[in-house]
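Now for the letters of each chain:
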Amino acid sequence: MDVNAEFCARCGTAAAEGDHAHCAVMLASIDPPRFCVECGRRMVVQVTPAGWVANCSRHGERTSTSPSVG
Amino acid sequence: MTASVDTDIIAVAREQVLERGEGLSQEQLLQVLKLGDDRLAELLQLAHEVRMRWCGPEVEVEGIVSLKTGGCPEDCHFCSQSGRFPSPVRSAWLDIPGLVRSARETRATGATEFCIVAAVRGPDARLLSQVREGIKAIREDGNDIQIACSLGMLTQEQVDELVAMGVHRYNHNLETARSHFPNVVTTHTWEERWETLRMVREAGMEVCCGGIIGMGETVEQRAEFAAQLAELGPDECTMNFLIPQPGTPYEQYEVVEGRDALRTVAAFRLAMPRPLLRFSGGRELTFGDLGTKQGMLGGINAIIVGNYLTNLGRPAAQDLEMLDELKMPVKALNQTL
Ligand code: SF4
Ligand SMILES: [Zn+2]
Ligand SMILES: [Zn+2]
Chain A
1 MDVNAEFCAR CGTAAAEGDH AHCAVMLASI DPPRFCVECG RRMVVQVTPA
51 GWVANCSRHG ERTSTSPSVG
Chain B
1 MTASVDTDII AVAREQVLER GEGLSQEQLL QVLKLGDDRL AELLQLAHEV
51 RMRWCGPEVE VEGIVSLKTG GCPEDCHFCS QSGRFPSPVR SAWLDIPGLV
101 RSARETRATG ATEFCIVAAV RGPDARLLSQ VREGIKAIRE DGNDIQIACS
151 LGMLTQEQVD ELVAMGVHRY NHNLETARSH FPNVVTTHTW EERWETLRMV
201 REAGMEVCCG GIIGMGETVE QRAEFAAQLA ELGPDECTMN FLIPQPGTPY
251 EQYEVVEGRD ALRTVAAFRL AMPRPLLRFS GGRELTFGDL GTKQGMLGGI
301 NAIIVGNYLT NLGRPAAQDL EMLDELKMPV KALNQTL
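Line by line, the protein sequences give chains A and B.
Residues in the first sequence are numbered from 1 upward in steps of one, following the UniProt record's numbering.
Residues in the second sequence are numbered from 1 upward in steps of one, following the UniProt record's numbering.
Just so you know, these hints were derived from the structure itself, not from any lab.
Even glycine gets a Cβ: it sits at the ideal position worked out from N, Cα and C.
DEER-style ranges, computed between Cβ atoms:
1) B:132 with A:25: 38 to 44 Å
2) A:57 with B:165: 31 to 37 Å
3) A:25 with B:52: 33 to 39 Å
4) A:21 with B:231: 42 to 48 Å
5) A:25 with B:232: 32 to 38 Å
6) A:25 with B:37: 22 to 28 Å
7) A:14 with B:73: 28 to 34 Å
8) B:293 with A:21: 26 to 32 Å
9) B:325 with A:57: 42 to 48 Å
Stretch-level coverage of chain B by chain A, calculated; a stretch enters the list once three of its residues show a Cβ under 8 Å from a Cβ in chain A:
10) 61-72
11) 85-92
12) 98-106
13) 308-314
All chains, full assembly: derive it from the sequences and hints.
Set out below in structure tokens:
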């Protein structure tokens, strides 16, 4: 998981609180990010055969090639 | 000494399925599913021989994409795309250029089938026109991949429209045993699903039908389900393994244990010697790398490569490498299995 993340990209709760070890495993294997790591908003996510695109209404688009996610 | 009738289920299956090509009955499948772990290797070996005998060594590779994600009115308890559960999946539509790109990415892996999927009870005019435009655009892109669709329950008119669009195969899963279905879905019935499959078959599209293992069904219900699928006689049976999706009623379910999953794969092959048996959603989580290989050597002869609808898969290159290692050629486009 991004060390600067405020929120967990899988469950959307504060990254500093609770245990996100399972979330990290899932994000590294089968789950695309669902929540914006900066504001915790639920993102619109499109999974494609070779990647994913996630959109936060405030922080814009991230894709599977952008470095700041996961 | 009088000749004894062989009652060992593996020996019986060897004669019945491998030699004669007749699938096992529900009772026989139950015996297979109850075999101990000490017989698993033998069982997988037989399932592999059956697959090689009746299907050959080729593997059909397919990619899938979600054209319309989330917000589905149905309540399939395993599904993160149902609008009835507090799942983090938000509704989205893929635009036509995105669909064309997805088809191109899929074809680039050597895949011969590309399945366009929508989270709906059944298609409306808007969805069908997107599919029509999408297929047209994929063809204009010079992509010769075969197109499959999975758009929920259909009317006869919609079946005919899909045939006219050149859709090659239709996916519609029965999900689980008929006796278990009401515990999984309450907004429509197993019989309604069966009806769509009947129309698809009669219209001349190939039928892809399977389900999800690990939704609280008993071992008896797994045998029941395999027998019901065999009765349907699909061209392809797609095997998914539950991914407990956050926010759904099955969130807390355990992932199916690897050996159990392998036993189920082999049983499905012994129920259906001839159709494509496809490794689909949940295989990464349930089987891992080693189990995936064991599944390929235990009756599977088709896979989905790349990502799924809302979950990520292994990179396609990794699966293609595995097939190469196993000396299983990827089925070419003009080849029929
Ligand atoms: S009909 Fe399909 S998309 Fe809708 S809830 Fe059921 S499985 Fe999910
Ligand atoms: Zn988390
Ligand atoms: Zn944000």
